[in-house]
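Trainee: These are the residues of each chain, in order.
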Amino acid sequence: MTDFSSGTRLARVWTNAGLPVLGVVIAVTLWWSLTVFLRIDPFYVPSPADVVESFLRTPRFLLQETWITSQRVLVGFCIAVAGGLTIAVVLAASRTVERMAMPILAAVNAIPKVALAPLLLVWMGFGDPPKIVMVVLVSFFPVVVSTMAGLSSTPADLHELARSLSASWWQTFVKVRLTWALPQVFVGLKVATPLAIIGAVIGEVVNPDHGLGSVIAGSGASNDTPLAFAALALLAAIGVLFFYVMAGIERLLVPWARAISS
Amino acid sequence: MITIDGASQTFRGRSGPVEALKDISLTVGAGEFMAVIGRSGCGKSTLLRLIGGLLKPTGGRIAIAGDRVVTPRRDVAFVFQRPALLPWRTVEDNVLLPVEIFKWRRPQHRERAWQLLEMTGLGTFAKRLPHELSGGMQQRVSLCRALIQNPKVMLMDEPFSALDALTREELAVELQRIHSELGTTIVFVTHSIQEAVLLADRVTVLSARPGRINKIVDVDIPRPRSFGLNAHLDQVAVASAELHQLLLTEQHLPTPPTD
Numbered sequence: 001m002t003d004f005s006s007g008t009r010l011a012r013v014w015t016n017a018g019l020p021v022l023g024v025v026i027a028v029t030l031w032w033s034l035t036v037f038l039r040i041d042p043f044y045v046p047s048p049a050d051v052v053e054s055f056l057r058t059p060r061f062l063l064q065e066t067w068i069t070s071q072r073v074l075v076g077f078c079i080a081v082a083g084g085l086t087i088a089v090v091l092a093a094s095r096t097v098e099r100m101a102m103p104i105l106a107a108v109n110a111i112p113k114v115a116l117a118p119l120l121l122v123w124m125g126f127g128d129p130p131k132i133v134m135v136v137l138v139s140f141f142p143v144v145v146s147t148m149a150g151l152s153s154t155p156a157d158l159h160e161l162a163r164s165l166s167a168s169w170w171q172t173f174v175k176v177r178l179t180w181a182l183p184q185v186f187v188g189l190k191v192a193t194p195l196a197i198i199g200a201v202i203g204e205v206v207n208p209d210h211g212l213g214s215v216i217a218g219s220g221a222s223n224d225t226p227l228a229f230a231a232l233a234l235l236a237a238i239g240v241l242f243f244y245v246m247a248g249i250e251r252l253l254v255p256w257a258r259a260i261s262s
Numbered sequence: 001m002i003t004i005d006g007a008s009q010t011f012r013g014r015s016g017p018v019e020a021l022k023d024i025s026l027t028v029g030a031g032e033f034m035a036v037i038g039r040s041g042c043g044k045s046t047l048l049r050l051i052g053g054l055l056k057p058t059g060g061r062i063a064i065a066g067d068r069v070v071t072p073r074r075d076v077a078f079v080f081q082r083p084a085l086l087p088w089r090t091v092e093d094n095v096l097l098p099v100e101i102f103k104w105r106r107p108q109h110r111e112r113a114w115q116l117l118e119m120t121g122l123g124t125f126a127k128r129l130p131h132e133l134s135g136g137m138q139q140r141v142s143l144c145r146a147l148i149q150n151p152k153v154m155l156m157d158e159p160f161s162a163l164d165a166l167t168r169e170e171l172a173v174e175l176q177r178i179h180s181e182l183g184t185t186i187v188f189v190t191h192s193i194q195e196a197v198l199l200a201d202r203v204t205v206l207s208a209r210p211g212r213i214n215k216i217v218d219v220d221i222p223r224p225r226s227f228g229l230n231a232h233l234d235q236v237a238v239a240s241a242e243l244h245q246l247l248l249t250e251q252h253l254p255t256p257p258t259d
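From first to last, the protein sequence lines stand for chains A and B. Every letter in the first sequence is one number past the one before it in our numbering, and letter 15, counting from 1, is 15. Every letter in the second sequence is one number past the one before it in our numbering, and letter 83, counting from 1, is 83.
Misleading hints may appear alongside valid ones.
[What the hints assert, rightly or not] Taking CB as the label site, the calculated pair distances span:
| # | chain 1 | residue 1 | chain 2 | residue 2 | range |
| --- | --- | --- | --- | --- | --- |
| 1 | B | P107 | A | S152 | 31 to 39 Å |
| 2 | A | S152 | B | E111 | 36 to 44 Å |
| 3 | B | T10 | A | A156 | 20 to 28 Å |
| 4 | B | A65 | A | T96 | 38 to 46 Å |
| 5 | B | Q108 | A | G83 | 40 to 48 Å |
| 6 | A | S153 | B | D67 | 30 to 38 Å |
Keep in mind the hints are simulated off the structure, nothing from the lab. By construction, the Cβ of each residue, glycine as well, lies at the ideal position given by its N, Cα and C atoms.
Okay, chain A solo, but in the shape it has when bound (with noise of 0.2 Å):
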């Protein structure tokens, strides 16, 4: 269709991978020249410069703590992944199911999680657990939400096809609604990816132990500033990288979504 001449592939990298480089070039330009030159005290907003000061003070113990926080919101995000896409499909399956679980549902997302952290607390203690289930609790709402919706949007005349071919309904499942479903569910695992990093860090900063969250804690006791900020930068690279690698899945997943919805 489109002939990808030398030209067309460099703007493609360009506008791929340069411009997101530049956009947060800009961003730390910025962000250094206003403490710069609104002369800000490190202490409230310390300079790129100090943050990167402190992280090198001690990168052994932050890599790690970051590998924590990590494997917290990965297990975590894989559970409530199973979880939701367990309960997307059985609801979907029952109406009568859908209609008893719905206010139960809506409720408890309804509920503030940090108000559960020092529950967890007193349910399991200290270590992985609490966090893991602070991750789950908040990461699998959208993903719920996103598989109900994407289940119950198949056409009509794909429906009608499967009806003319008298399929089951776990044929008209497995073959048409499910596989349908995918851009959408990749929409709520997109919204729960960061949600995850931020339940491991409320689990970590109610109930700290190691982890990146437990860093941030620790730092405001020690009035450590550039440190706090280290591990929100180191936060946020986990956050963006989970982000592509979601992006990453959904492109080999469903390369045709991209094709029907431009």
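Here the structure of chain A is known, so what remains is to put chain B in place on it, guided by the hints.
Mentor: Only chain B this time, still in chain A's reference frame:
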């Protein structure tokens, strides 16, 4: 092949029952091409869905090859107004969808799928995805998907109405060829007089609200027919004029001034 005996369909609407079809009696012979024509909302599609077993008639009886229709049958295939292809499946896999759903053996039917694609001029597109094809080609794929069922009866619901005029004519001529090759019984719902005259052995004209058979018109023009210049232009004109007359009755014309 198809016997419709006093079939009626009443839908329960919000403001009371709506009669879509009333007392339709009709037989379609084996290998016959029957067009059903009528103004929009006259129940053409409802009739097709009754024949296909997608809807249960509220009155009367419908039988295919002597068996009463209660559910969709494997030897009855639908072609819808829109191609209804699965966007993630290649053309070939879309054609093979009925084979999978019927749990038939795939390798055996693969060859048949290729034959059908070849026959409709899609041989080189078997591995493409639907969105890479034009609307006319997509509708050809859905025709192949219907034909892979090896249907005795094909039910087509305004299959070309979403296409541009030239593609529509091209596909109509092609359908005529396929019909003469395979001898499938076809019920073809349309609102195009031109299509009906080109394709049909007989044309059932439905009147609107509730849909009733107004008249069944025989089209005795020799085949193969075409849209171009041919020896039967006068017969085409007569048949078209008759259908026009039936569809646009006096009540739709402005009344002449009476002074």
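Trainee: For each hint, tell me whether it holds in the structure or not.
Mentor: Hint by hint, here is what the structure shows:
Between P107/B and S152/A the beta carbons are some 35 Å apart, a value that agrees with the proposed interval 31 to 39 Å. As the Cβ distance of S152/A to E111/B is approximately 38 Å, the hint placing it in 36 to 44 Å holds. In this structure, T10/B and A156/A meet the distance hint of 20 to 28 Å, their C-beta atoms being roughly 22 Å apart. Distance hint check for A65/B and T96/A: the Cβ-Cβ separation is about 39 Å, which falls inside the suggested range of 38 to 46 Å.
Take Q108/B and G83/A: their Cβ atoms lie about 42 Å apart, and the range 40 to 48 Å holds. Distance hint for S153/A and D67/B: a CB-CB separation of about 36 Å, consistent with the stated range 30 to 38 Å.
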